Amino acid sequence: MGSPTETIMKSARFLSRKRAHRDVFRSGDLAVHSCAMAQGRLMEAGSQQLSWYSRLHLWHIYRAARGFTAGLFGKFENWYRFFVAQIREQNPPPSKRRRTSTSNHDQILRGAIHRPEEQKNNEPLERASKQGLSSVDIQHVAVPAANHVITPTTTIDTKCYLPKPKPRPKKSLSQILLERRQSQHRIFSTPPPRDPTRERNDSHHPSSTSKNSSHEESLNANGFAYINNRPSILIDNSKIPRHLETNGDGDLTAPSQPSVSVPNAATQSNPEKVVSTHTSSSNLGLESPRKSKAQVGANNSKTFEELQEYIEFLHSIRSKDGIPQTLDYAKEERDKIIIRKSSKIPTLPSSDLEIVKKALVQTSSKTPLVSKFSIDIHSRDIITLASPNWLNDEVVNFYASLITDRSKSSSDMPKVHMFNTFFYPTLRRSGYKGIKKWTKRAKVDFMDMDFIIVPVHLSVHWCLSVINFRDKRFEYWDSLGGGGNEVFESLRDYVKEESAGEIDLSQWTDYYPKNNPKQNNGYDCGVFTCKTAECISRGALMNFDQSDMMNIRNWMVKEILDGRLQQASA
Amino acid sequence: MPSSDAGSPNQHHADIKANPQPQTHINIKDSQEVFFKIRRETPLKKLMDAYHERTGRTTGTVRFLVDGERVKPDDTPNSLDMEDGDQIEVMIEQVGGQ
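Chains as they are written, first to last, in this note's numbering: chain A, 1 to 570; chain B, 1 to 98.
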């Protein structure tokens, strides 16, 4: 490995090449490896001064990492922040390097790393907010000079008084509603930015629909509107009814001093002129509301366009070879109830817990603890079930055999066969001919199955793939949230060969659940894999999450020692 | 048969020929593909031990599979219903947690 900078550049180049196929970011193993690599390099390079160009690439890595392992690499994020802060301190970028490109990416980059001008302008606001002043106390808000003349001492007949956010006056609900209705005459709001996917049904213009209920909701009880998630108020002077100007009530009572005064000339000559004051010290705070409003619209449509582009791109990838697409949003909505916590996994009885604890003490005994399904479970195998150990293949394979065994022995269970962990590597390595005898040897009637479960081992990670004959789809369950395109391809080929073309695969879809139980550490994936397989094998919803892991580990020890699955079917 | 598994370092082959005729010859193809000829009544433990000895891998770190089924030490080609040219695959232990 070369110098840290060099390595970062290398991994960044790798990642940005992969950005061309954004779908790749869903494939778990690559993701995990890239993130881990980026994390390591970042830590190494923490003290190095990097060029502006390298920083750009760092951002690539960072975005890639955040994109799919949100939360997992929390440390990474801290490192990144620390790193960026250091760079900013040591090495302020020259302003001539500032890019004029307005791509989304560059905007974020600029916003995250480099905005000396905005910071300068925000100083009054920041100082004010540090001193704990509310927005109405800020006297020296610098309204852009091109549009307005600051005349703090002038008294003007069209004053606008900002409501004090705190303390909230105690009022009855009807009073609040009345005020809100009244306030709509003068305060026109832009709703908080919406989910771009919904935007397409939302064709009406924001300011033209003061009667719209959704816009009513975007005003809070104090009459604050939100632009781009930042509280702001837009005031259209021409629309202020005369009687409200002098007759401020409760919420809108004039504070001791006016905060922002609108110059006479501006308001009278140009009734459409609006004034905004932002309470946050954001960098948008000093732009004219017109501009910010336009920006909001532009941003939304931009992200929406990007999203559409992305979806089309995914479609184009998936639709090759006639593979149907999985981006069925309605279906995803249905699948959101994957986790059902109502039927909680019971805690292990204390008598069993003693046995489990005893079994989890390492012994050097050569005699196996359990010997079933041709698998000998030794102490060194069962010890992998003690948290936070990584599970080894013996445990996963034994558990797989338990699952298959339970399905065979009870008639009301779905017909399930779970292959061992060597199925997938063999299939990858030698293709169908490597495993064509496996079902025969295991006496599996391939065409009669409900689920065929294939554990997938990705060098340091366990996850699961399922051939779901009921729903006619290939599933990929990864507790890290990865996607398994390679797995899907392999299994598709396998089913095609195994069924000798009897199964029409053109109707089969690839599926990766979005909200399956996820691990938030670096050692529980084996348990997630086994438990997910167990839930699938009885056709049940997942009834566990990270908090159940200790309990499930204990249960697994007990079940392996007993040689049968304990838990009642849900 | 030689396989193209150069890219996967944690899987090796030991191709073990189970010959119907009683044979005592052991053919070693190379360090990773080992050809044996054994009697149909001989426990496969003998082959496993030979493999361990040859590769230096200790018991418990490799798994022997015939068509996906684990091979027990006292299995014989007869009990596993193996045919001539069948393979015993040797898989290296897998662990995972991330």
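These are computed hints drawn from the structure, not numbers from a lab. Don't take each hint at face value.
Derived DSSO-like pairs (lysine-lysine); straight-line CA-CA distance at most 27 Å [said to hold, decoys possible]: (1) B/Lys45 with A/Lys415; (2) A/Lys408 with B/Lys72; (3) B/Lys46 with A/Lys472; (4) A/Lys366 with B/Lys46; (5) A/Lys408 with B/Lys46; (6) A/Lys415 with A/Lys558; (7) A/Lys558 with B/Lys46; (8) A/Lys496 with B/Lys37; (9) A/Lys514 with A/Lys558; (10) A/Lys436 with A/Lys415; (11) B/Lys46 with A/Lys496; (12) A/Lys437 with A/Lys366; (13) A/Lys415 with A/Lys357.
Derived coverage of chain A by chain B (criterion: at least 3 residues anywhere in the stretch with Cβ under 8 Å from a Cβ of chain B; other residues may be distant) [stated by the list, open to error]: (14) 402 to 413; (15) 431 to 438; (16) 489 to 498.
Please read all numbers here as calculations on a predicted model, not as lab measurements. Even for Gly, the Cβ is constructed at its ideal location relative to N, Cα and C.
Check your understanding: Does A/Lys437 pair with A/Lys366 here, judged by a C-alpha cut-off of 27 Å?
Key -> violated (32 Å)
Point to revise | Pairwise hint evaluation, A/Lys558 against A/Lys415, where the allowed Cα distance is 27 Å at most | key: Within the cut-off at roughly 24 Å; holds.
Point to revise | Hint consistency between B/Lys46 and A/Lys472 [alpha-carbon to alpha-carbon, up to 27 Å] | key: violated (45 Å)
**Study point:** Within 8 Å of chain B's CB atoms, at least three CB atoms from the stretch 489 to 498 of chain A: coverage verdict
**Key:** violated (count 0)
Check your understanding: Would the pair A/Lys496 and B/Lys37 pass a check requiring their Cα atoms to be no farther apart than 27 Å?
Key -> violated (35 Å)
Review point. Taking 27 Å as the top limit, are the C-alpha atoms of A/Lys415 and A/Lys357 close enough?
Key: violated (33 Å)
Review point. Is A/Lys558 close enough to B/Lys46, meaning Cα to Cα at most 27 Å?
Key: violated (34 Å)
**Study point:** chain B covers the stretch 431 to 438 of chain A, three or more CB atoms within 8 Å, holds or violated
**Key:** holds (count 3)
Check your understanding: Regarding the pair A/Lys366 and B/Lys46, is the alpha-carbon distance no greater than 27 Å?
Key -> Holds, because 18 Å separates the two Cα atoms, which is no more than 27 Å.
Check your understanding: Is the Cα-Cα distance between B/Lys46 and A/Lys496 27 Å or less?
Key -> The given pair, whose Cα atoms are some 38 Å apart, is violated under the 27 Å limit.
Review point. Is it true that the CA of A/Lys514 sits at most 27 Å from the CA of A/Lys558?
Key: Judged against 27 Å, a Cα distance of about 31 Å means the pair is violated.
Review point. Holds or violated: B/Lys45 with A/Lys415, Cα cutoff 27 Å?
Key: violated (34 Å)
In this structure, the hints that do not hold are numbers 1, 3, 5, 7, 8, 9, 11, 12, 13, 14, 16, in rising order.
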